[in-house]
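Enquirer: Order-wise, the sequence lines are chains A and B.
Quick note: my numbering has the first sequence finishing at residue 506, numbered continuously throughout.
Quick note: my numbering has the second sequence finishing at residue 506, numbered continuously throughout.
It is worth saying that the hints were derived from the structure and are not from the lab.
Since we're looking at a predicted model, the values are computed, not measured.
Calculated Cβ distances over 12 Å to all of chain A for the following chain B residues:
| hint | residue |
| --- | --- |
| 1 | Asn283 |
| 2 | Val321 |
| 3 | Lys333 |
| 4 | Leu411 |
Derived EDC-like pairs (lysine to aspartate or glutamate); straight-line CA-CA distance at most 20 Å:
| hint | chain 1 | residue 1 | chain 2 | residue 2 |
| --- | --- | --- | --- | --- |
| 5 | B | Lys475 | B | Glu499 |
| 6 | A | Lys475 | B | Glu268 |
| 7 | A | Lys475 | B | Glu252 |
| 8 | B | Lys383 | A | Glu261 |
| 9 | A | Lys475 | A | Glu368 |
| 10 | B | Lys377 | A | Glu262 |
| 11 | A | Lys383 | B | Glu261 |
| 12 | B | Lys317 | B | Asp297 |
| 13 | B | Lys311 | B | Asp438 |
| 14 | A | Lys432 | A | Glu315 |
| 15 | B | Lys466 | A | Glu261 |
| 16 | A | Lys475 | B | Glu248 |
| 17 | A | Lys377 | B | Glu261 |
| 18 | B | Lys466 | A | Glu268 |
| 19 | A | Lys466 | B | Glu268 |
Glycine included, C-beta positions come from ideal geometry on N, C-alpha and C.
Number of protein chains: 2
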Amino acid sequence: MEKEVESLPIVRVTEEGKSQSEDTVVREFPLTIVLNNQELVTLLCSPRDLDYLAIGFLASEGLIKSQDEIKQVTVNDQVGAVHVTTKKGFSGELLLKRLITSGCGRGTSFYSPTTQQELKVESNISLPAPKVMAMVKEFQQRSQVFQATGGVHSAALADSQNIILFQEDIGRHNAIDKIFGECILKDIPTRDRIIITSGRISSEILLKIAKRGVPILISKSAPTNLGVKLAHDLGVTLIGFVRGQRMNIYANEWRVATDG
Amino acid sequence: MEKEVESLPIVRVTEEGKSQSEDTVVREFPLTIVLNNQELVTLLCSPRDLDYLAIGFLASEGLIKSQDEIKQVTVNDQVGAVHVTTKKGFSGELLLKRLITSGCGRGTSFYSPTTQQELKVESNISLPAPKVMAMVKEFQQRSQVFQATGGVHSAALADSQNIILFQEDIGRHNAIDKIFGECILKDIPTRDRIIITSGRISSEILLKIAKRGVPILISKSAPTNLGVKLAHDLGVTLIGFVRGQRMNIYANEWRVATDG
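If we strip away everything but chain A, and leave its shape as in the complex, we get (with noise of 0.2 Å):
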């Protein structure tokens, strides 16, 4: 955790007036990501598995889907750049038009019925409400970096026994694209499997889900209308406020299984 904090000086107020002491606060790094040679986009970020970032963040911008794609991911920590090449080139248009149309909080200009169609998953995986709530708990104990901090997001993978990956991030976006960046650069599959996130969910948290093919999508935090919409249309089971007991089931209910 060292690389993601740092302590520093600060002034406490109590009920006894002020005080001299320390507090532990996340790092937050400009990582420049550079495809092909050409610089694509500097991301504020956890400071930790920037390659699984930079792939990530390629993914969810649709502009790769799997390993065999990719030549080589070079980490520069020093200058604060992953450099990923391609086998295959892309127009410095279509670039440029990908990052402003799309990109972070930019991104409901790609969804049409036909985005609806490809993205739409199949899975029957189910998963009993019980495993939801115990899946949840074990996301929470696991976020040493906000326990310490209080300023990240987390995100993990799961099948229906077990947390396989798990990411912190000061940003809720880069948190799940450090997981499909893992996923792609080890070839691990994320069909039939489900993703838990600390974050709100929007409508572009359900369509890097679905460009994953993940069936279920668990979250501690409220959705939006669009997250919902999206979820319905793209056939995606959607759960949100997991607290205690308790939990929201707002799209595609089936796959969660009760006694009662």
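Got chain A; can you put chain B on it based on the hints?
Expert: Leaving out everything else, chain B in the frame of chain A:
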């Protein structure tokens, strides 16, 4: 609040099993900002005060500074667009460059020693610690959409006595941009004033605040190390984790007065 939320049928799971229910979720609205007839960006936001959001976004991107630079602002709710016309034009190339290297999650490339000098905030305003706590309490009580949905961030502008403006949005950047947009359109001063936010404090938030000359930034949440560094560099008092009778002051603590 009707515009910003929607009621949806959901399946609720409790200890007793599944039951049909309803939940109120926050609406997510794609808004395209068109500057001088050039489509600039599509933001996902809460569908309220779209003119404020557009103007605040342009200000945060460094494209406008004050009301007298603006010729016209037209909101088209139906197509989800705000058209802004400025007195002075911008080259397409400049806009493109700004949006790729800056924008949400893509901020630090414009930060340099020159930026630091230009943005340095000078203000002798100070605030008693109990006032900070009282303001944060009032701030939380005002967030109606959050209380109904759990799906938004809030932001406020205050002077040393009262909260003056309050906004909620699904995006933590949007909520602050709406505040600044309203200030610009109504010619409300931001110097010697305070911004309160529900969100985490990254370097981008600090740059946004300093661009409007705001000397005190208060958050319920955590800052990042770059956020703290910029607060020191730019002369901003950064207060985080305000909870009950406690808070952490990360930079320029001299603007917070205690008896102790």
